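Colleague: Sequence:
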Amino acid sequence: MSTAFQEAYSHLNPEQKLAVDTIDGPVMVIAGPGTGKTQILTVRIANILQKTDINPRNILALTFTESTATTMRNRLLSIIGEAAYYVRISTFHAFCASIIQDNPEEFPLPHESSPLTELERFEIISQIIRDNELEVLKPINDPMYYAKSVVSSISQLKREGVSIERYQQLVDDEGVWLESQKEELKRTEFRKRERTYFKHKDMVVLYEQYQSMLHGMSRYDFDDMIALTDQVLSTNEELLQEYQERFQYILVDEYQDTNGAQNHVVNLLAQFWGEEANIFVVGDSNQSIYRFQGASAENVLSFVDAYPRANIITLTQNYRSTQPILDAACSLITHNRQEATMLANPVNLHSQVSDGTNPQVVHLPTAQLETIYIADRIQELINAGTNPNQIALIYRNNADSSSISDVLARWNIPFCIEGGVNILHTPIITQLFTLLHVLNGMRQHREDIDLFTLLNYEWVHADSLTVLQYAREASKRGVSLFETITERQASSVKRKRKSLQPEQHSLFEHQETEILNATLTPHQEHIHSFINKLIDLIHKERQLTFVHWFELLLQESGFLSYVLNRSTAHEDLSRLNTLFNEIKKMCDSDHTCSLERFMEIIATMNDHGLAIAEENQHIESGVQLTTAHRSKGQEWDYVFIMTAIDGKWGNNGNKQQIPVPEGIIVKSKRSDAETKSLEDERRLFYVALTRARTQVTITIPDTVISGNRTKETVPSLFVSELDAHITSSIPPEYNGAQQQEALTRLLTAAPHKEMKEEEKEWLTNLLENFKLSATALNTYIDCHYKFKLNHLLKVPRARDERLSLGTAVHKALELFFKEIQKTGGEGRVPPVEFLTAAFETALKKEIITTEGFTRRLAQGRRILTMYYEAYKDEFHTPLFCERTFGYGMSTTQFGGIPLNGKVDRIDWLDKEKNTVKITDYKTGRARSLNDIEGKTSTSTGSYKRQLVFYKLLTQLDRSFTPNAEMFEFDFVEPDKQTGKHKRVSVAVTNEEVQELKELIKHVYQDIRSLKFERTTDTRICHTCEFARHCWPEGIPAAIAAEISNSK
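The letter at position 1005 of the sequence shown is residue 1005 when you use UniProt numbering, and the numbering goes up by one with no holes.
Hints are computed from structural coordinates only; laboratory data are not their basis. Hints are supplied without guarantee of correctness; some may be wrong.
Derived PhoX-like pairs: lysine-lysine, alpha-carbon spacing no greater than 20 Å straight-line [what the hints assert, rightly or not]:
#1 K760 to K1011
#2 K811 to K844
#3 K872 to K811
#4 K811 to K822
#5 K1011 to K1001
#6 K760 to K794
#7 K818 to K872
#8 K951 to K771
#9 K476 to K540
#10 K584 to K771
#11 K951 to K902
#12 K182 to K192
#13 K997 to K902
#14 K182 to K148
#15 K917 to K902
#16 K951 to K913
Here are the simulated distance ranges between beta carbons [stated by the list, open to error]:
#17 N397 to P108: 31 to 41 Å
#18 N397 to K1011: 40 to 50 Å
#19 L767 to R130: 22 to 32 Å
#20 E525 to R477: 40 to 50 Å
#21 A613 to M889: 24 to 34 Å
#22 E276 to E183: 48 to 58 Å
#23 K711 to E183: 34 to 44 Å
#24 R130 to D172: 19 to 29 Å
#25 Q352 to S2: 24 to 34 Å
As the structure is a computational prediction, the values presented were derived from the model and not from experiment. Each residue gets a CB set at the ideal place from its N, CA and C atoms; glycine is no exception.
My request is simple: use the sequences and hints to build the entire structure.
Modeller: This is the structure we're talking about:
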């Protein structure tokens, strides 16, 4: 046994060792909070590898979150080293996505299909509701009232693996049962259940039509990822057997929250071995907070039924919290009515850490004073030496974060909102939408107050007094601000023209702008120049795709430069990039998307509370703000649970508008919905309590603002259930005369946060999941700063038309050679029409203007027809098309550096010698061998480096057994001078691979050290898309001239 394993094993308690040592057969571990479940999962995997000759690839560990998967992987690395990279540790979604990716021919999804956005799902459901007469789910006064609930219900049905047919049967059964109880139930109860039954009947119609529309669109939604895997594995015996043979040990974390579809996938993988399957699950029904109402003990009970001889191990030693916190939590959870099994009963947890104090319950007069009190206590903790990262504030709903985050900002306390925010409500995106509102309003001759707001933004640089003067003039005349500004410009032109002699008019026409500017003050001139930019952007919106226009808007308005130069640039760019990605998704599904349509979509999202969640959100060094749901799996030294009042925590009236049919919960009996809801809420409060290591503080405001009035509150039922395990207080400094002093602190402006260190932490966090590709490597070598913008910050920009051509050509060649693979290869080459049709289909999927499409379609057809004619006698069956490395089951890393890449085509050179040739297609000008090798004055060696990178990938990927011996660039376009096609073979030696590995080590170390300086070789700046950002005044003339002369 390794020293690292022995060290980890020695720290386990007897129950944990039992769980780790019982490696054969089914095992269920009931693990309360803080009992070390992640550790036993990790050490158990190591133990399996120590005691058996199993390959690491034959172990599957499924987790609930990416963070847990990462934690397990890192811990396993520390115990067993490199072998940890080959154990399959992933979330359910990532695992199912890899099955779909590795077996695309088995799934009814087009290769290019993408999941629906939340907005698209909502719009489809809204359309179906509009098109149907429904019994209950389409109220006359508000037809879309249930739309969001319908989306949620369909998602829930899919997560539980409920097909349309099964749902119909459940609804029919419900109808039969209801009819049988007509005389037994009280009239009020019967009507309530009858209404629910009619909701389900409506839902059957909506569910069926929704799936039909998805099928017709060749699209899928996020929940289909697992549902489709479940469906295919259930019907494809050969594929199922392949994965059953591959994964001989299965481990599942957070089993209590595993939904029906996920659970069925696990059972399918394990069923080959029957009741003796090597399946290991860890869970705690008291922490079941993600499944639907009433399903807390479902998985636990079902597991015992499926594996009656399973070993049941209970962990009771807690390594996180002090005993007073555990006693309070146990006191709370005992109020839940448990299912008829000892497995679901609460366990008394025994703390293995030092003694502490009881949870504190603090009463404050108002909600505002509650937030001030929390901020003050946090500040005291930080001043006493507590790391802000070890403080968390847990609230019930996402909306609760706004009040406390504002106070923390004013107190200059760093904080992070867990899970990102709705970018539509962030200041930087709000400013951008003001600009978009103005542009959309100008087109429709109604910009209202938005233009005034816009002109007062810092990044517009308009003189505030001049803006006020224009606004007052507009008000006096009863016209819009836009009209006032443009008419001032027109009247200045008119006055100037009148002052000229007739013979001077032609000169005036030629120099109108210069002469006009001379008639305006500098401040007026700046405003007029900005307005003219907006007018120009409006004209261009009709000429460009919306994606290209949006990128142009960011550049020409000056907004992007403003963002990039802010101290919060990394945070703002993350949100701006999230919006840009959403726009690209919209344009992918609707190529005619326009500004007007986009603004309608955003209005719909705001009206119905739909969010655009921030992607790649950073984790700042600060206090963690989180909902109770998102706090699951985390722990902190100090936890504040805020607004613990009735109606917020417990009795919150947040009942399911469309309850799940009873038949889905096969192990539970019918019971009162309110009781189930209260028990679910109690489990949530239990989770919040048990996140704390040292101290829990629960705050209760005596009054809150509800609407426009002050409302008195009642403490949450759960606080009273903590029994004698709490200490209550009413701090005097927040009562009486001292209230005013505390409240006046809210009137001071929130300071700008210094983000430099936080940006470093954010970039470091992004790099945790970063994989280095050949493109990223070459970009970093060219310019470190461009690498940061392109590959880490991902500054929004639309794809160039030429890149769209290249992408479509690559896709056409991929489909062409795959067709050769299907038809048997030599002698069965598809006609040229197949190749050009595939290109046209691929080009249609690109976001490109009508004129651009016509232009590139003709060019692509010509290129591919000539290519076909040149090589039609040489086409043969490839070994691989579009072979990926570093994705799915493929692992490509060395020295802890993860790499990835995709190879266009791989062909056999000699099957007996197991050698292959790697081919990379290139559109554009053909290159010479010296150019590729980096031996000319204008080349950088990036082409050769790409091929060496590919050879390295083939050597690192254990699932790729051939030896890559030859490398070739296939230039698809013929030489413009000779008209001939060119293929260049390049030799790659092992010495060059070793040199590349050393280069990658140095580059990766620099990247991890956050070395992102701008290049000093300004020759490459001339063609860089970020030239205007780096050189806002233009590239220095001498350098630009030098570049020009060198061409």
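Colleague: For every hint, state whether the structure bears it out.
Modeller: Verification of the hints:
no. : hint                      : in the structure
1   : K760 to K1011             : holds, 10 Å
2   : K811 to K844              : holds, 12 Å
3   : K872 to K811              : holds, 18 Å
4   : K811 to K822              : holds, 16 Å
5   : K1011 to K1001            : holds, 14 Å
6   : K760 to K794              : holds, 16 Å
7   : K818 to K872              : holds, 15 Å
8   : K951 to K771              : holds, 17 Å
9   : K476 to K540              : violated, 33 Å
10  : K584 to K771              : violated, 23 Å
11  : K951 to K902              : holds, 12 Å
12  : K182 to K192              : holds, 12 Å
13  : K997 to K902              : holds, 18 Å
14  : K182 to K148              : violated, 31 Å
15  : K917 to K902              : holds, 14 Å
16  : K951 to K913              : holds, 17 Å
17  : N397 to P108: 31 to 41 Å  : holds, 38 Å
18  : N397 to K1011: 40 to 50 Å : holds, 42 Å
19  : L767 to R130: 22 to 32 Å  : violated, 47 Å
20  : E525 to R477: 40 to 50 Å  : violated, 22 Å
21  : A613 to M889: 24 to 34 Å  : holds, 29 Å
22  : E276 to E183: 48 to 58 Å  : holds, 49 Å
23  : K711 to E183: 34 to 44 Å  : holds, 43 Å
24  : R130 to D172: 19 to 29 Å  : holds, 27 Å
25  : Q352 to S2: 24 to 34 Å    : holds, 26 Å
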